[in-house]
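What follows is the residue order along each chain.
Protein chains: 2
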Amino acid sequence: MFESAEAGHRVDKERFRREERELRAELLMAQNTLLRSEKPFQVLLLVSGVDGAGKSETIAQLHEWMDPRFLLTCAFEAGRNPAEAGRPPMWRYWQSLPPRGRIGIFAGSWYSRPIARRLAGKLARTALDARLEEINRFEAMLVNEGALVLKLWFHLSRKGQAVRLRRLERDPRTAWRVTRETWARTRSYNALQKVAAHVLRVTNTAAAPWTIVDGSDDNYRNLCVGRLLLDALRERLAAPPAPAVVAPVPRPAIDARNVLSALDLGCRLDDRAYARELPRWQGRLAELVRRRAFAGRSLILAFEGMDAAGKGGAIRRVTAALDPRNFRVVPIAAPTDEESAQPYLWRFWRHIPGAGRVAIFDRSWYGRVLVERIEGFCSEADWLRAYAEINDFEHELVAAGAVVLKFWLQIDPDEQLRRFEAREAESYKRFKITPDDWRNRDKWSAYQQAAVDMIDRTSTGRAPWIPVEANDKNFARVKILKAVCKHLEDALDKD
Amino acid sequence: MFESAEAGHRVDKERFRREERELRAELLMAQNTLLRSEKPFQVLLLVSGVDGAGKSETIAQLHEWMDPRFLLTCAFEAGRNPAEAGRPPMWRYWQSLPPRGRIGIFAGSWYSRPIARRLAGKLARTALDARLEEINRFEAMLVNEGALVLKLWFHLSRKGQAVRLRRLERDPRTAWRVTRETWARTRSYNALQKVAAHVLRVTNTAAAPWTIVDGSDDNYRNLCVGRLLLDALRERLAAPPAPAVVAPVPRPAIDARNVLSALDLGCRLDDRAYARELPRWQGRLAELVRRRAFAGRSLILAFEGMDAAGKGGAIRRVTAALDPRNFRVVPIAAPTDEESAQPYLWRFWRHIPGAGRVAIFDRSWYGRVLVERIEGFCSEADWLRAYAEINDFEHELVAAGAVVLKFWLQIDPDEQLRRFEAREAESYKRFKITPDDWRNRDKWSAYQQAAVDMIDRTSTGRAPWIPVEANDKNFARVKILKAVCKHLEDALDKD
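Quick note, the sequences are listed as chains A and B, same order. No gaps in the numbering here: position 372 of the first sequence is 372 in our numbering, and each next residue is one more. No gaps in the numbering here: position 423 of the second sequence is 423 in our numbering, and each next residue is one more.
A hint or two may mislead.
[Stated by the list, open to error] Examples of chain B residues lying across from chain A (beta carbon under 10 Å, computed):
| id | residue |
| --- | --- |
| 1 | Thr73 |
| 2 | Leu119 |
| 3 | Leu123 |
[Stated by the list, open to error] Which bits of chain A does chain B cover? Going by a derived footprint, with three or more residues having C-beta under 8 Å, they are:
| id | segment |
| --- | --- |
| 4 | 50-60 |
| 5 | 67-77 |
| 6 | 222-231 |
| 7 | 303-317 |
| 8 | 330-341 |
No lab work stands behind these hints: they were computed from the structure. Each residue gets a CB set at the ideal place from its N, CA and C atoms; glycine is no exception.
Looking at chain A on its own, in the form it has when it is part of the complex:
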């Protein structure tokens, strides 16, 4: 794998000067074309490799060549910081994604920790492979969202590494970079090579392939990376990527029976029973979130349903049991422009709660396969791949300790009409009815089919959908509270 990177590449000073001038002008031009493009995309340049192979030198060179105002360089500490507690490992990288039109340079990336932990013997081979598979899916999602992902591995032979580190040590300007720990790490050169070769092989995907760069000669390495970036930018600016291969669109069952039609919308709970049950389950929930075990977990609830299905009222019955300092209700409307400049899941990642906290989404990431699908806000390929991307997302949340529950509040069209009319009659609820609501009513069956497809494809054992018979508000609210208590209790009891 690393053979060609040990072929003794060298570029002399004169050739470097000659080529650098042109390369720089072209990189600047490409960077600006990207920034001003009508369809800008995000560029991620991952810089990894062995100690002394010139990672920081090349990053500094790119900053000299290009416009540093539109480069975002991120470095990540080896350990986890307190803000990451209770959040998935990928959370820190989501926080650092460059917006479309910018180039993000990752000095250290989602590869660093798995490699380091494997080397330290803290990660079994199977666990490493599971992590790499997650990374592959994450990168494929980025690429499908339009990102250009370039992954560089800077290589040195064992001897070459010793030569370069001694040279860095001799130069007073760079001596500070070679520490006792650096030399200690060189002793595990062979082990690192072995792990790296495996990681690179498994993650060398068509969507986001690796490039191995010989790190021994500064001029060669810098020109090589500059050209690689330039070519990739130009190619991508000239031709947008082909749309992803599309799975067949889900078809409704031939007998029109499905998870929603099977619900009994006649379910009711009378006011007396409600007055008894509601405080009972609110009390239980209040107790559960204050258990010591919850301090290390989090709770994420997503509410979906037709307009006027009662999402807001149900959410208020849940929050009544919680301490306002520990929960946040996140209403999902049109994305802000900062959110539109990112992959669609980004705006949900930014609200993922930390340990001991609750986030309640009033509408959610499922908008992708509901409103965006039906209104054509995204392509068919986009919403078709979203099912798996969403499952991955929720899997990451659950793996980090979150309890994830999704509620679909089901009403029938007559009930919706009654509620619309009641809202228009009640002065302080009138604002809730907009022309959009009446328009969406016409698309009732399309929304129903989208909801069925969604539940069938994304209800997993670890992050289940709970369909709620919601024609009767009392019944719906108590059913939701009970479900939250039950799943939360199960999760805490397992700890």
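With chain A fixed as given, assemble chain B onto it according to the hints.
Just chain B now, with coordinates in the frame of chain A:
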């Protein structure tokens, strides 16, 4: 101060039920009017007071009454978390401001830490007063930016506190809230009353007055806070606040001599001297930011100047000396919609570097008194008050350990014209010239006067302006690097 809050207020269950129904509907209506307003404003509700006075109960009640999706409740830990290292104390609150149209409830606020530290004997009276004066200026800025700031102090008599805490302890649903520490704190009741009375008196400003609320009776307290919020919302929705009193607009000096006209734009540095000086000062800077002392400080550079004054080139000569993993260049263009929904300084606060880091602003918060003043993007009152607000902002940065330097790059109109023409000739720089640039040229003297006013009013000993003769790029770049080194070295030597 607290007398009326001990008058034995009580509201019985029946009156509460009767008034609650109407209050709730009106609060919801006001919340929605705010959200849908053409000129929404941010609402900050600060909830402070003694232990057991019902702070969380009332916050929970507001969540029940109003739409929790548009309430943002923030609680703050007592200590500083690692992300705050090197950043001013107000940074955490800036991160938590609600956008316009939303209501932010602060359980604990910028008052908590000064009061706690004063009580613990860690803050001298004079230091406390200095802190309170900063808070007053901060709140006045928020109010001038359109915010509605409501400050509540929940009071209990010493005896009343003991009664309430014992009641909380008896109820299994609330017993967890009364800990040994709570009882320990009650022993310093008198000391807290004394400090609180002083803090409330000093910060009881016309822009953001305090309301003292008797905490002993739940019904009374909740109705009282609900009404207060409702009345304030209604009043503010009905009539926008009167514009702030405006200081006289600065007048140019009668002899047209000023800090910029005094510059000798003939200053030059020939290429040989430049080739010698540039690496010398870059090397010095590289060494300075790697000193151990810098790990606890930060460096903030702001670059302003006419178009084509050479800001970008100068910034690149500075960044060449830095490790890309430790600096960020922040280009300032039009605000995003998330930024527009906040006070104007918010979008700079979000880029304030942590300890050991460098932030370089290509254009800055001074846009307020330059482009926004000249193009009329803000009112005269807005840019006139901005001088003092900016001085406060920079003072906070410096007090937190930042070295803050501001560079004005001065060129003359002939030199600008030469550069515009050169850019249009060079293919990869052509994008840099826009019709706006030619338009701004016509406003040359207005920009010059704005720059003079700005420098005269915001160049302080701790955050100085450095006017740079920039007709010659060599000279300008070296002067800037030397100034950065000198000020940074002085600051580090003082440690």
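Provide an ascending list of the numbers of those earlier hints which the structure does not satisfy. 2, 3, 6
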